[in-house]
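*Asks:* Chain by chain, the residues run as shown.
There are 2 protein chains.
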Amino acid sequence: MNPFADRLRAIQAARNSLLCVGLDTDVKKLPASVRDAADPVHEFNRRIVEATADVVAAYKINLAFYEAMGDRGWPALRRTIALVPEGILVIGDAKRGDIGNTAEMYAASLRDDLKFGASTVNPYMGSDAVEPFLRDPSHGVFLLALTSNPGARDFQYLASKGVPLYEQVVRKAKRWNTRGNVGLVVGATRPAQLKRIRSIAPHLPILIPGVGAQGGDLRAAVRYGCTAQGDLALINASRAVLYASGGADFAEAAHAAARTLRDDINSFRRRAG
Amino acid sequence: MNPFADRLRAIQAARNSLLCVGLDTDVKKLPASVRDAADPVHEFNRRIVEATADVVAAYKINLAFYEAMGDRGWPALRRTIALVPEGILVIGDAKRGDIGNTAEMYAASLRDDLKFGASTVNPYMGSDAVEPFLRDPSHGVFLLALTSNPGARDFQYLASKGVPLYEQVVRKAKRWNTRGNVGLVVGATRPAQLKRIRSIAPHLPILIPGVGAQGGDLRAAVRYGCTAQGDLALINASRAVLYASGGADFAEAAHAAARTLRDDINSFRRRAG
Numbered sequence: 001m002n003p004f005a006d007r008l009r010a011i012q013a014a015r016n017s018l019l020c021v022g023l024d025t026d027v028k029k030l031p032a033s034v035r036d037a038a039d040p041v042h043e044f045n046r047r048i049v050e051a052t053a054d055v056v057a058a059y060k061i062n063l064a065f066y067e068a069m070g071d072r073g074w075p076a077l078r079r080t081i082a083l084v085p086e087g088i089l090v091i092g093d094a095k096r097g098d099i100g101n102t103a104e105m106y107a108a109s110l111r112d113d114l115k116f117g118a119s120t121v122n123p124y125m126g127s128d129a130v131e132p133f134l135r136d137p138s139h140g141v142f143l144l145a146l147t148s149n150p151g152a153r154d155f156q157y158l159a160s161k162g163v164p165l166y167e168q169v170v171r172k173a174k175r176w177n178t179r180g181n182v183g184l185v186v187g188a189t190r191p192a193q194l195k196r197i198r199s200i201a202p203h204l205p206i207l208i209p210g211v212g213a214q215g216g217d218l219r220a221a222v223r224y225g226c227t228a229q230g231d232l233a234l235i236n237a238s239r240a241v242l243y244a245s246g247g248a249d250f251a252e253a254a255h256a257a258a259r260t261l262r263d264d265i266n267s268f269r270r271r272a273g
Numbered sequence: 001m002n003p004f005a006d007r008l009r010a011i012q013a014a015r016n017s018l019l020c021v022g023l024d025t026d027v028k029k030l031p032a033s034v035r036d037a038a039d040p041v042h043e044f045n046r047r048i049v050e051a052t053a054d055v056v057a058a059y060k061i062n063l064a065f066y067e068a069m070g071d072r073g074w075p076a077l078r079r080t081i082a083l084v085p086e087g088i089l090v091i092g093d094a095k096r097g098d099i100g101n102t103a104e105m106y107a108a109s110l111r112d113d114l115k116f117g118a119s120t121v122n123p124y125m126g127s128d129a130v131e132p133f134l135r136d137p138s139h140g141v142f143l144l145a146l147t148s149n150p151g152a153r154d155f156q157y158l159a160s161k162g163v164p165l166y167e168q169v170v171r172k173a174k175r176w177n178t179r180g181n182v183g184l185v186v187g188a189t190r191p192a193q194l195k196r197i198r199s200i201a202p203h204l205p206i207l208i209p210g211v212g213a214q215g216g217d218l219r220a221a222v223r224y225g226c227t228a229q230g231d232l233a234l235i236n237a238s239r240a241v242l243y244a245s246g247g248a249d250f251a252e253a254a255h256a257a258a259r260t261l262r263d264d265i266n267s268f269r270r271r272a273g
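Going down the list, the sequences are from chains A and B. Counting in our numbering, the first sequence runs from 1 upward without gaps. Counting in our numbering, the second sequence runs from 1 upward without gaps.
Keep in mind that the hints were calculated from the coordinates and are not lab data. Treat each hint with caution, since some may be false.
Where chains are identical, the list cannot tell them apart; a pair therefore holds if satisfied intra-copy or between any two copies.
[What the hints assert, rightly or not] Pairs of lysine-lysine, DSS-like flavour, derived with a Cα cap of 25 Å:
#1 115 - 28
#2 172 - 195
#3 195 - 174
#4 28 - 195
#5 161 - 28
#6 172 - 29
Given only the sequences and the hints, what does the whole structure look like? Please build it.
*Replies:* The structure is reproduced here in structure tokens:
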């Protein structure tokens, strides 16, 4: 029984997509055509979700972009989550990580209140920071293993007895996966390591950011990120879809960009599978 | 020029206190006497701050407890920050950590919008996750090094070339401290490591949680956490102060608990200094 992994697999099969679109909506980058709306961010998100829902398996919502809106942020976040149709995974990309009693609060907020289907969690503080998120087997927990950004080099590659930190996280993730809901975050900018991680954790979902604006190789991300069954990789694109056009046609452009990504992913996926 | 460290030193001298009280206000633990207020959490915080302001150097506000309040959380957080009198440091304990463009958003929110004087930051994602927080030299950035919780054992002690991960963080923290605003978080439950960390980083502010409910040794925290000048350690207590009494006298009890802590800290501090 792997409630979350099984659910993700079913979603990916039903929708024929491994694509995750990141709703990292930057109020400073909104097209002129939505700026006059009563709630420009919501109007933008609404049109993006409407335009892309048919080609995605998941949306990833980055909490920083909503917190940056101040007091309006939390209601806006909640309304954005509500835009997503049934049958699509919604990931709360919050990267929280704190001691047990605090992690309880973060988990209660992201999972029970906001109703995210999965959360990203920072593993630095260890098991008691992660455990409250794991308690509901239907809620996915994507642990940061090897991230897509330049700063990943500072600590994540440090090797202890020959095993780099990111791989220590992967090993713990497997041990902590007693309820079938643990996943990993591995950047598309690290193809060799992604391949290695998939070989160590053949069955865990892997959320893979870093294609598009961050320059990761899509083919390698799909080929190395998928399981032997050709699934459980979630390829995230944010800026490449949201800002595919800065004009009034932004939603159509987002749909075209997302559809092309979905199709490219599927073409690499078939060859891989 | 160490703008943040100098400011913290001045606050600690002016207030004759190294105490930080954590406003981790749990709506489920409020005394009956405030439950009928229009805004019970705010009323509780107001009375706690009023009762303890004369004996603290800082308040640490844990964002999880406000996010768990849902849409009311962010305004409640903002109003709690506004309760703190001038001349006392207010730390946003959010432990954020994300790639550069996202870290910009988190920093903008915590520092520029909410006006926290310092933030806690998770170092796992490395330099670009930390840098946006460092940009304003007056804003303190407390990097998680060795945390007070049991899960700290999972990754933070892993040694690469004989140097444990938490010490790798301390070394990077020193390198990143080009603007004089970097600090560390080291749990009071780790006295031997705290001593070692202070020897490696003789001049950085250290935020020390884990006394009280978590069982850390106060004497060791003060003795090992202070600089040679007997300052720049910030000893945090949350539950031991907030819930010193569950009755109508909670504010008086909080004051007594905080004053005793402040005095005990100062007695250890003098002997140390």
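*Asks:* Mind listing which of the numbered hints don't hold for this structure, in increasing order?
*Replies:* 4, 5, 6
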